[in-house]
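Trainee: Please take these sequences and the hints and turn them into a complete structure.
2 protein chains.
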Amino acid sequence: MATVPTGRSRATIIDVAQAAGVSRQTVSNSLKHPERVRPDTLERVLAEIDRLDYTPSTAATSLRDQRAGAVGIELTGLGTTPSEALAPFLLGLAVHAPAHDCHIVTFATDADRPEPERYRSMWRSRLVDAFVMMDTHPDDPRPGWLRERRVPFASFGRVWDDPSFTAWADVDGRAGTSDAVDHLAARGYERIGWLGWPDGSAIGDERRSGWVDALERHGLDGPEARAEQDLVSAMAAAEGLVDSVGGGGAIVCTSDVLALGVHQVLLRRGLIPGRDVGIVGFDGSQTARTHGLTSVHQPYGAIADTLLTQVHDQLTDDELPSAGVMLAPELVPDASTERT
Amino acid sequence: MATVPTGRSRATIIDVAQAAGVSRQTVSNSLKHPERVRPDTLERVLAEIDRLDYTPSTAATSLRDQRAGAVGIELTGLGTTPSEALAPFLLGLAVHAPAHDCHIVTFATDADRPEPERYRSMWRSRLVDAFVMMDTHPDDPRPGWLRERRVPFASFGRVWDDPSFTAWADVDGRAGTSDAVDHLAARGYERIGWLGWPDGSAIGDERRSGWVDALERHGLDGPEARAEQDLVSAMAAAEGLVDSVGGGGAIVCTSDVLALGVHQVLLRRGLIPGRDVGIVGFDGSQTARTHGLTSVHQPYGAIADTLLTQVHDQLTDDELPSAGVMLAPELVPDASTERT
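Chains A and B are the protein sequences, given in the same order.
Following the UniProt record's numbering, the numbering of the first sequence begins with 1 at its first residue and continues without gaps.
Following the UniProt record's numbering, the numbering of the second sequence begins with 1 at its first residue and continues without gaps.
Hint data in this document are derived by calculation from the structure and do not stem from the laboratory.
Just so we're clear, the structure is a prediction, and the values are computed from it rather than from any experiment.
A hint or two may mislead.
To give a feel for the contact side, a few chain A residues facing chain B, derived at Cβ under 10 angstroms [unchecked claim]:
#	residue
1	Asp50
2	Glu74
3	Leu90
4	Leu91
5	His100
6	His103
7	Glu115
8	Glu117
9	Val128
10	Leu220
11	Val257
12	Leu260
13	Gln286
14	His312
15	Ala328
16	Val332
Just a sample of chain B residues kept apart from chain A, beta carbon distances all over 10 angstroms, derived [claimed, not checked]:
#	residue
17	Glu84
18	Leu90
19	Glu117
20	Arg124
21	His137
22	Asp161
23	Asp205
24	Ser233
25	Arg268
26	Thr287
27	Asp334
So the derived label-pair ranges between C-beta atoms look like this [to be verified]:
#	chain 1	residue 1	chain 2	residue 2	range
28	A	Gly200	B	Arg187	26 to 32 angstroms
29	A	Thr41	B	Glu228	55 to 61 angstroms
30	B	Asp50	A	Thr41	47 to 53 angstroms
31	B	Ser201	A	Asp276	32 to 38 angstroms
32	B	Thr316	A	Thr316	36 to 42 angstroms
33	A	Asp53	B	Val232	52 to 58 angstroms
34	B	Arg187	A	Gly301	42 to 48 angstroms
35	B	Asp213	A	Glu228	37 to 43 angstroms
36	A	Glu43	B	Ala186	56 to 62 angstroms
Even for Gly, the Cβ is constructed at its ideal location relative to N, Cα and C.
Mentor: Written as structure tokens, this is what we have:
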């Protein structure tokens with residue numbers, strides 16, 4: 001018989017271990033890491049847990065070591081321009097959390113601007129021990145605010161205003177666009193253009209530099225154009241760029257949204273992406289998958305795993321890592337770079 | 001000076017309240033609900049909290065009332081076909097959680113199939129008191145599994161296999177597509193077609209019935225076609241349907257992905273969505289926003305708020321609500337139904 005959570009439990013972990021004929025560790029694993037326990041053993045242990053109405057006191061453990069066992073993440077960028085990275089990044093965190101003996105707590109405000117105060121209240125209330133954050137940007141008030149108050153955190157993306165902060169993992173944008181050019185050259189595309197964001201975006205400039213490097217390496221040159229991060233702007237900029245690269249050419253884009261702009265322009269002209277003009281996007285978003293766009297994918301699982309390691313180290317050693325971690329993205333080919 | 005989380009604190013909430021000249025409730029609010037405290041008072045209270053190195057013992061409270069104060073949500077559908085609803089639904093939960101005095105804990109496995117066992121281990125370990133879930137479907141093993149074990153939960157979407165289960169909130173699909181027809185008729189579109197999923201999907205059939213109802217009400221009839229939930233299938237089905245409704249006609253779709261298929265077919269033919277043929281999608285997804293598709297939006301905030309109320313009631317009264325809650329979706333017009 002299953003029981004309701006009434007708090008009347010008296011059995012200890014030792015009672016359960018003896019009744020099921022297993023170690024205390026196995027009882028603990030059955031609750032926290034069932035995938036590590038053999039199915040028949042798991043069934044036996046859970047049956048005894050139910051029969052004895054055993055409930056482990058996570059709260060007691062937490063009180064003893066003064067740890068919530070939780071990492072917080074603010075859900076941002078979900079207003080008018082939600083980040084397509086949010087869902088896969090959250091999945092990466094949730095999948096990797098058990099291996100770091102923690103769980104992931106989300107929080108948000110419906111305020112228009114970031115509210116660093118909310119971080120401290122989450123931390124002060126012991127709902128979380130530390131934070132991971134994403135979408136950091138120049139003039140972001142959060143990293144400085146948290147560092148000043150010595151709240152442990154790690155960032156998906158470098159903290160641009162503070163190069164001395166090392167608890168970050170990021171994706172090597174330069175390597176990604178350089179791979180994109182190699183991929184296109186290997187498939188025989190001739191003129192390889194660039195569709196990027198306006199100058200002055202740290203991420204955008206880095207991605208462009210990979211295209212420049214690779215063109216040089218291949219002894220090529222190519223036209224370029226700029227667009228804002230929306231479909232209308234991307235389509236407008238793509239018109240001239242498609243003319244410049246011509247049939248048998250290709251365009252590397254700084255984001256999947258810009259790549260979609262090129263795709264839509266080809267469609268409108270009765271051209272077939274891949275066969276007539278190649279396209280490579282960046283981010284590996286749902287948009288890329290929906291439209292068959294070859295794209296440079298972000299390794300969300302590895303990013304999440306790295307950040308959780310970095311906050312864990314801060315909590316145990318009170319030390320920042322010696323350097324941030326730059327992860328290689330992966331180009332995933334799709335229809336938009338298929339020549340036949 | 002801010003302090004590090006060493007667990008050496010000795011001050012009590014009373015010390016802080018006296019030092020700041022406020023009530024204990026104000027100290028508590030300053031930590032848990034800073035938005036309820038006047039900024040100058042908040043600053044003073046937080047300064048005293050820092051000075052006295054006060055840390056509230058959430059863990060002690062949790063131990064006393066045997067509650068984690070947390071609601072769990074499994075992150076599913078993020079593999080090959082991520083749900084675009086996940087991010088906005090999570091945001092709704094995180095925004096509404098403080099008003100329900102709880103926080104949101106995410107969890108996931110990288111397993112291919114749902115693993116109900118993971119729910120019980122989260123619950124048994126007292127990481128959460130209850131769950132909300134999404135993407136329930138016929139033959140979903142999770143609801144029955146949880147009910148059998150009396151684990152409290154509420155579902156975004158009806159539990160199709162178990163009409164006696166009332167802890168759900170859902171969106172009235174029939175009302176949404178009926179509104180879509182009204183919107184199109186009011187804007188002067190003549191033939192109004194339907195692009196839906198193959199028969200046998202409970203959600204799809206319900207959405208189609210709103211289109212049927214509304215056509216009857218307006219004394220109209222219209223052609224229909226079916227497609228799977230992917231862009232290639234949607235584009236193939238849209239070809240004939242666009243011919244059937246003709247210029248000045250419109251198509252209501254059971255999802256934004258199908259609406260995108262119609263949009264792409266128009267683009268390929270050199271037609272302009274809205275001016276030449278109207279399109280209405282369903283879900284209010286990022287895809288709809290990117291492509292300027294009029295769409296029936298899901299009220300994620302209201303859904304999250306309703307589900308958190310339902311789990312709270314189960315925890316305090318051990319009772320299911322008398323009935324599920326059906327919420328009205330909202331049609332948000334965009335370029336795809338603009339005639340000029």
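Trainee: Determine for every hint whether it applies to the structure shown.
Mentor: Status of each hint after checking the structure:
1. Hint status for Asp50(A) relative to chain B: holds, with the closest Cβ pair at about 8 angstroms, below 10 angstroms.
2. For the restraint placing Glu74(A) at the interface with chain B, the shortest Cβ-Cβ distance is roughly 8 angstroms, inside the 10 angstroms limit, so the hint holds.
3. Interface hint status for Leu90(A): upheld, as the beta-carbon distance to the closest one in chain B is roughly 6 angstroms, under 10 angstroms.
4. Proximity of Leu91(A) to chain B holds as hinted, the smallest CB-CB distance being about 4 angstroms (cut-off 10 angstroms).
5. With 10 angstroms as the threshold, the beta carbon of His100(A) stays out of range of chain B, its nearest partner Cβ sitting at about 13 angstroms, so the hint is violated.
6. A distance limit of 10 angstroms between C-beta atoms decides the matter here; for His103(A) the minimum to chain B is near 5 angstroms, and the interface restraint holds.
7. Using the Cβ-Cβ criterion of 10 angstroms, the hint placing Glu115(A) at the interface with chain B is satisfied: the shortest such distance is roughly 8 angstroms.
8. Interface restraint check for Glu117(A): the shortest CB-CB distance to chain B comes to about 5 angstroms, inside 10 angstroms, so the restraint holds.
9. Hint on Val128(A) holds. Least Cβ distance to chain B is approximately 9 angstroms, under the 10 angstroms limit.
10. Look at Leu220(A): its Cβ only gets to about 31 angstroms from chain B, farther than 10 angstroms, so that hint breaks.
11. A hinted interface residue such as Val257(A) counts as satisfied when its beta carbon comes closer than 10 angstroms to some beta carbon of chain B; here the least separation is about 7 angstroms, so the hint holds.
12. This hint holds: Leu260(A) has a C-beta 7 angstroms from the nearest C-beta of chain B, less than the 10 angstroms allowed.
13. Interface hint status for Gln286(A): upheld, as the beta-carbon distance to the closest one in chain B is roughly 6 angstroms, under 10 angstroms.
14. With a least beta-carbon distance of about 13 angstroms to chain B, the hint placing His312(A) at the interface is violated under the 10 angstroms criterion.
15. Of the supplied interface hints, the one on Ala328(A) is violated, with its beta-carbon coming no nearer than about 21 angstroms to a beta-carbon of chain B, more than 10 angstroms.
16. The criterion of a C-beta within 10 angstroms of any C-beta in chain B is not met by Val332(A), whose closest approach is roughly 12 angstroms, and the hint is violated.
17. The claim that Glu84(B) is not at the interface with chain A is violated, since a C-beta of that chain comes within 10 angstroms of its own (minimum 7 angstroms).
18. Once the 10 angstroms rule is applied to beta carbons, Leu90(B) is inconsistent with being away from chain A; the minimum gap is 6 angstroms.
19. Glu117(B), annotated as away from the interface, has a beta carbon of chain A within 10 angstroms; the closest lies near 5 angstroms.
20. With a least CB separation of 5 angstroms from chain A, Arg124(B) falls inside the 10 angstroms interface cut-off, contrary to its annotation.
21. No beta-carbon of chain A comes within 10 angstroms of the beta-carbon of His137(B); the shortest separation is about 19 angstroms.
22. For Asp161(B), the non-interface assignment is confirmed: its Cβ lies about 19 angstroms from the closest Cβ of chain A, beyond the 10 angstroms cut-off.
23. For Asp205(B), the requirement that its beta carbon stay farther than 10 angstroms from each beta carbon of chain A is met, with the minimum near 24 angstroms.
24. Non-interface call for Ser233(B) relative to chain A: holds, since the shortest CB-CB distance, roughly 12 angstroms, exceeds 10 angstroms.
25. With 10 angstroms as the threshold on Cβ separation, the claim that Arg268(B) sits away from chain A is violated: the shortest Cβ distance comes to roughly 5 angstroms.
26. With a cut of 10 angstroms on Cβ distances, Thr287(B) falls inside the contact zone with chain A, its closest approach being about 7 angstroms.
27. A cut-off of 10 angstroms between C-beta atoms confirms that Asp334(B) is not in contact with chain A; the least separation is 12 angstroms.
28. Remark: the range hint 26 to 32 angstroms for Gly200(A) to Arg187(B) is contradicted by a beta-carbon distance near 42 angstroms.
29. For the pair Thr41(A) and Glu228(B), the supplied restraint of 55 to 61 angstroms is violated, since their beta-carbon distance comes to about 42 angstroms.
30. The beta-carbon spacing between Asp50(B) and Thr41(A), approximately 49 angstroms, falls within the hinted interval of 47 to 53 angstroms.
31. Checking the proposed 32 to 38 angstroms range against Ser201(B) and Asp276(A) shows it holds: the Cβ atoms sit about 37 angstroms from each other.
32. Distance hint for Thr316(B) and Thr316(A): a CB-CB separation of about 38 angstroms, consistent with the stated range 36 to 42 angstroms.
33. Against the hinted window of 52 to 58 angstroms, the Cβ-Cβ separation of Asp53(A) and Val232(B) comes to about 54 angstroms, which satisfies the hint.
34. Arg187(B) and Gly301(A) have their C-beta atoms about 46 angstroms apart, which keeps the hinted 42 to 48 angstroms range intact.
35. At about 42 angstroms, the CB distance of Asp213(B) to Glu228(A) agrees with the hint of 37 to 43 angstroms.
36. Taken as a hint, the range 56 to 62 angstroms holds for the pair Glu43(A) and Ala186(B), whose Cβ atoms sit roughly 60 angstroms apart.
Checked against the numbered hints above, the structure breaks hints 5, 10, 14, 15, 16, 17, 18, 19, 20, 25, 26, 28 and 29 and satisfies the rest.
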